[in-house]
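Chemist: Mind docking these for me? Both chains are given alone in their own frames, and the hints should help you get the complex.
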Amino acid sequence: MTEAVRIDTSLNPRAAAASIMESPMVEIEGLSLWYGAKQALADVTMSVAKHRVTAYIGPSGCGKSTLLRCLNRMNDLVDGVRMAGHIRIGGTDIYDPALDVTELRKRVGMVFQKSNPFPKSIFENVAYGPRILGLGSRADIESVVERSLRAAALWEEVQDRLHDSALGLSGGQQQRLCIARAIAVEPDVLLMDEPCSALDPIATARIEELMLELKNAYTIVIVTHNMQQAARVSDYTGFLLLGELVEFGITRELFTNPRHKKTEDYITGRFG
Amino acid sequence: MRTLWRSGEPFIWLTGGALAISLIMVLGLVGIILQNALGFFWPADVLRATLRDGTVLTGQVVQRERRPGTAEWRTKLKVANRDLYGADFVWVDDSQIAARAYPPAVAVVERTEWGLLIGTVTAVRDGGAVVATGGAAVDEMRSRLPAAAALRRQIRRIERSEIGAINYEQEKVRLRLKGLDARGVTTGPEVEALQAQMAALQARYEERVAALAELRKGQTATIVVAADEGKEKELPITEIVDVYFPNAMGPLDKSVHYAAKVWEFVSDDPRESNTEGGVFPAIFGTVMMVMIMSVIVTPLGVLAAFYLREYARQGTFVSTVRIAVNNLAGVPSIVFGVFGVGFFIYMVGGTIDQLFYADALPTPTYGTGGILWASLTLALLTIPVVIVATEEGLAAIPGGTREASLALGATKLETTLRVVLPAVMPSILTGLILAMARAAGEVAPLMITGVVKLAPALPIDGYWPFLHLDRKFMHLGFHIYDVGFQSPNVDAARPMVFATTLLLLVIVVFLNLFAIGLRNRLRRTYATSAV
Chain A
0 MTEAVRIDTS LNPRAAAASI MESPMVEIEG LSLWYGAKQA LADVTMSVAK
50 HRVTAYIGPS GCGKSTLLRC LNRMNDLVDG VRMAGHIRIG GTDIYDPALD
100 VTELRKRVGM VFQKSNPFPK SIFENVAYGP RILGLGSRAD IESVVERSLR
150 AAALWEEVQD RLHDSALGLS GGQQQRLCIA RAIAVEPDVL LMDEPCSALD
200 PIATARIEEL MLELKNAYTI VIVTHNMQQA ARVSDYTGFL LLGELVEFGI
250 TRELFTNPRH KKTEDYITGR FG
Chain B
0 MRTLWRSGEP FIWLTGGALA ISLIMVLGLV GIILQNALGF FWPADVLRAT
50 LRDGTVLTGQ VVQRERRPGT AEWRTKLKVA NRDLYGADFV WVDDSQIAAR
100 AYPPAVAVVE RTEWGLLIGT VTAVRDGGAV VATGGAAVDE MRSRLPAAAA
150 LRRQIRRIER SEIGAINYEQ EKVRLRLKGL DARGVTTGPE VEALQAQMAA
200 LQARYEERVA ALAELRKGQT ATIVVAADEG KEKELPITEI VDVYFPNAMG
250 PLDKSVHYAA KVWEFVSDDP RESNTEGGVF PAIFGTVMMV MIMSVIVTPL
300 GVLAAFYLRE YARQGTFVST VRIAVNNLAG VPSIVFGVFG VGFFIYMVGG
350 TIDQLFYADA LPTPTYGTGG ILWASLTLAL LTIPVVIVAT EEGLAAIPGG
400 TREASLALGA TKLETTLRVV LPAVMPSILT GLILAMARAA GEVAPLMITG
450 VVKLAPALPI DGYWPFLHLD RKFMHLGFHI YDVGFQSPNV DAARPMVFAT
500 TLLLLVIVVF LNLFAIGLRN RLRRTYATSA V
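In order, the protein sequences belong to chains A and B. Be aware that the first sequence starts at 0, since it is given in numbering that gives the first Met the number 0, and climbs by one per residue. Be aware that the second sequence starts at 0, since it is given in numbering that gives the first Met the number 0, and climbs by one per residue.
Among these hints, one or two may not hold up.
[What the hints assert, rightly or not] Listing some non-contacts, in silico: residues in chain A with all C-beta distances to chain B over 10 Å:
1) S22
2) N71
3) D92
4) G128
5) A150
6) Q158
7) L161
8) F254
9) D264
[Stated by the list, open to error] Okay, derived cross-link-like pairs now, DSBU-like style, lysine-lysine, Cα gap no bigger than 30 Å in a straight line:
10) K260(B) x K75(B)
11) K37(A) x K411(B)
12) K75(B) x K113(A)
13) K261(A) x K49(A)
14) K214(A) x K37(A)
15) K232(B) x K216(B)
Don't read these hints as lab results, they were simulated from the structure. Ideal Cβ placement from N, Cα and C applies to all residues, glycine included.
If we strip away everything but chain B, and leave its shape as in the complex, we get (with noise of 0.2 Å):
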């Protein structure tokens, strides 16, 4: 026995079987998202099940689990058509299938409102007039699919665009005349310029709206779909996003469906609040927070993190302040969200509000959550994690690279920018890679500075002044709690949480990848041993 301890056999085997079961937990974390995740975008074959009693189910396998207690197996559908059924799913006994059956035309709906429709394309109409019926009706849908696509576009593109700038414009020339009255300007030639072209523009808008609603009006085609127990629905072609025949697609159909979906997923906005279509603007917002965080928080923690180990006099307050600052890091983040709240938004942005945009108010402009007070808080939670990385860095440099420096005749400063700086460089970006993990992933104090559930605009655009640090914006960390949690259908809504997960993670490694290879890049330059 111990002659096997002195071996260090049983160590070895200890250490490895720790490394083992950590590994064991996160690859299982990352596989269970993996499998949930990878399959939500591949089109499931459609069953149409025959049950004893003569009743027929038409939808996608889901699950299947045995019936708590027995040995038998049941199976959970997806049958979709909310808005006939009342319910997404069904749970149907395996023992109660009389019959299995996958009819080619059967066709999976996706439309703007109500989730999937399932179903036989029945008849195409227009005007309250059969256009096609049977098997010419899928050929026609399909002719006109494209032409709805289009003026899709367009509805969004007045809405978006045109009347937005508009209301743009609108709301500036509306502060203007705040601004006048605030000062007991009422009357005058001003005055009577902003209203005139106040006006202007609200004939403009009223003029935009009637041709969105003359565009509106032009579509009056609608398919009909047959679904189960007789039941009909009939949508309006411009409703319709995507149409597919999954029974009757070949695995490589499949895949070029898959790979359309998941581009929809990275590229499309949300539908139906958020639980379908893309999360594009949330992708957008957590990039951006990140990238806005991590400009504010690698000076300020590399400053920091020099005074504390260049020039400080090292200390019973200087070792406090380091153990105060490593602490920092067991703050829960919530508190630094309402430190954000009361300090950023209240104390700093209502001082702005007051400062610069007093016509505005009562409407708060910086007043109020937003991507910068955000990101500043964000900065503020990471900020331990890039003081002791690059201190941890400086502390590595030997000391006779500094006072070869010194010798040199360079004062400190020459020495701290020249040497010392490069030098910890690939430090910095170790701190900036754990900081930026840390922030990509936070979610409890975004919800109270400036996450929302949809952010109408994005926080570049193209009106002056492009980056608009006081906007609300959306975060994936914060999508995948409400579409989990939040939405009111959380069984469909679960596979794209985990969609989402995956996302997230990807763009955490790749954010990690690019300052890792950054990082490896100044290595090979300055060929440091600092870590």
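In isolation and in its complexed conformation, chain A is listed as follows (with noise of 0.2 Å):
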């Protein structure tokens, strides 16, 4: 990081949290959430910097792929959700019943975990979210189209078979299939839930390769089981167990200077 950051030193999370936001782009505030009876987030409080890789790391069930979809709302799909709380993308709450809920998903894209391409060709794939923007044109909607590809660094693979069938590609390509797909509607934010998870280890290079050049444009929010690779591509990281928003900060210095013991048992491997 090029600018200075204050640390607050303090074991308060939520206090880490405010003190060391450039410009915050998604601020989370006391966020709770329940599946039925049973909890997946309690108090989270948090900000995601404009332009900067924050990512959510934790053992399995820990509430980071939920957090994640609470950003663009897709836990609405889910029956039995109940939530408090507030989240502001761009100073707008998202929860505010009278916001569309599409309009918000066209600002917000996201990346799943198993690639998901429709069964379409592999312009149609990404001219998707356009068209239903309502881009007229069919010259806009291709330049769209190579735009975002070439930005998911598909284009040259990809040019010669436009119109084949995307489930024709690999596995990472699929996914950067995806990746292009989210970022042909503009959103301000990239949503990615284990993008990498399927995929082998050159495959996953090359998206986070792709993580590392979409931040210029983009702010990005993944969840990740990988360390490693939070590590690697990411400018923040939250730590979430069992629910809760344990540590939150800049990532070097929670992977090398851990304030909670029990951040420092789960990535060094002592449970998780």
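Modeler: The structure is reproduced here in structure tokens:
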């Protein structure tokens, strides 16, 4: 980080999170969430810095994916979800009843754990978002598709077979296609839910490289199981355990000098 | 023993055996149909058998078998000439046959009435005077046949098109008069104008009928055919459909004749209460009914499946509905037919008649069996198939696909229409293929909802509104039943049953191939893994 960042050394994660922000894109405040009677998130407060990569780590079931899915309200699709607290993205409360959730999702793109291209051609996959947005002319869409595929570092590989089925691509290519599809609508925030968990090391390296390029244009939030990955790509890291944000800080600090015993245990592999 | 079982070999043999038995049964059935149907059009040689007691029998060999309980063979001869002998077929013991011959002069005459005529053409007469005899008679007859056929076509055209059109106009005028009458208008300029129109039509009708009579009177030529036992038949040339001399024909001639007969079978109208001629109206009716049914059943079944799988909250109720839909496929088809009669024909059709065709009552328009009601009944019968196939397809689409679309800011509706629907298309077509196959072969519910033995007109013709959904129609499945079990001369009609069965099979296969081709195209386009 080139910016001078003050770090509060107190053990209160909320204070730590609040103090390190450069220019926050997403602000989460006192977020709690229940699936039925089961509490999945407990009073999470943090911010996501603009044009930075923020990673959530933690053992399975700690709530990191749930937290991510709160940011584009994908949790709305689950029956019996109840939540408290506030999330603001670019200053707008995204749980405002007057807010159109589809508008929100156009601003907050998402890449899923399992690559999920539509059973359509490569071109149609990327063009889907712009078409939904009502981007009219064929030429406009073509240029958006090319730009997105270039941004996702896929253009060179697929430019000759844009109209072939997307399901014919390799796993890594499919995941990059999903990234291209997500950025085709030019979102402010890009959410990535364990995007490399099903990929081989080479494909993973390409996606990680891509994230480092993309953060110049987008704010990225990534959930990962892989602590090395979090250490490699993220600027900030949050450690969640049993629905609580145990520690949140600059990645280098968190990995080299964790303030919490639990964080230290986790990153040194003593549990999880 | 244990190692043998563990090796899996016996199970492989078991599965292979099951497949083999199924294949043998199906292939056997198709084989029997093929064998009986394909031989029907072949111009078989005519045998002239002289028996030991001096009797001469002339006919085509149809079948040979051992006399039950003895080692002796007997032969079944199709001697035809029903009007002369009383029966088409004769069994002859082979031991009784003293001499066999295949005289080239024997002619087989297809005529418009009484089935085949087999014998020797001895003379051509015109207006009582003999024109030609002996060998010259055949040439004379041949030279007169095209004119006779043309005349028959002309008579048919006058009957069908011209008189048909006049009758159609008359019916319209009659209904308008009746409508006026019902409103209490019995005199006045309107009524007079209609009555004048009616009189003009009647005059045109009579003029046409007179023209017909004139045409018929002009054709007085006859041929004389000598049959066995000195019997003779004098046959008007206009009644001859075709004459051929099988014993004088080479394999090439026979093949040409065969092709012509097959073409006649698929393109011509039936004759002689369906036991001869073609089955074109039945083909047309079957295909059209299947099409109308497809148009109705596909959207309905697909929408229902979408609700069940995409929108309804999955629970006991939806599971119950699903089980009920699946079991609907097990309801006997005649029950659907009865429902079709009660609901579609009497209730819906009856109401339509009262609202829109009151002038024609008590003659029903929609309140009687018709192609629309038959198609609707079959749509009801096949809807479980479409629902189940579509639902399976929807279940096979990964949930992530829908999520991806929603995460891009698409609404649920956009997701359903733009992502889910294209992806499930192949499954929908699979359902449609199964539904079409079922509908094309169904007979029982059709018998009471609109299929008839002989429909006077096709459901599509040149009169407004061109597509007549209220009309009764012919159907290949019913045709098979009718010809096979209801015709006066079952023995003679049997090959026709097999030929019609084969045709129905071919049509079902073609409809399926069309849908399969479409599905494969879609699969290539979308490259889904869904079934």
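Chemist: Could you run down the list of hints and mark each one as holding or not?
Modeler: Evaluated hints:
The claim that S22(A) is not at the interface with chain B holds, since no C-beta of that chain comes within 10 Å of its own (minimum 25 Å). Against chain B, the non-interface label of N71(A) is violated: not every CB pair exceeds 10 Å, the least being about 6 Å. Remark: the non-interface label on D92(A) is consistent with the geometry, its nearest Cβ contact in chain B lying 18 Å away (cut-off 10 Å). A Cβ of chain B approaches the Cβ of G128(A) within 10 Å, the least distance being about 4 Å, so the stated non-interface status is violated.
Residue placement check: A150(A) keeps its beta carbon more than 10 Å from all beta carbons of chain B (closest about 16 Å). No beta-carbon of chain B is positioned within 10 Å of the beta-carbon of Q158(A); the least distance is around 19 Å. Every CB of chain B is more than 10 Å from the CB of L161(A) (nearest about 14 Å), matching its label as outside the interface. Remark: the non-interface label on F254(A) is consistent with the geometry, its nearest Cβ contact in chain B lying 30 Å away (cut-off 10 Å).
Non-interface status of D264(A) relative to chain B is upheld: no Cβ of that chain comes within 10 Å, the nearest being about 33 Å off. The hinted pair formed by K260(B) and K75(B) meets the criterion: a straight-line CA distance of about 23 Å does not exceed 30 Å. Our distance criterion of 30 Å between C-alpha atoms is met by K37(A) and K411(B), whose separation comes to about 27 Å. For the suggested pair K75(B) and K113(A), the alpha carbons sit about 73 Å apart, so the restraint of at most 30 Å is broken.
For the hint pairing K261(A) with K49(A), the CA-to-CA distance comes to about 28 Å; that is within 30 Å, so the pair holds. A distance of roughly 35 Å separates the Cα atoms of K214(A) and K37(A); the hinted pair therefore is violated under the 30 Å criterion. Of the supplied pair hints, the one linking K232(B) and K216(B) holds, its CA atoms being roughly 20 Å apart against a limit of 30 Å.
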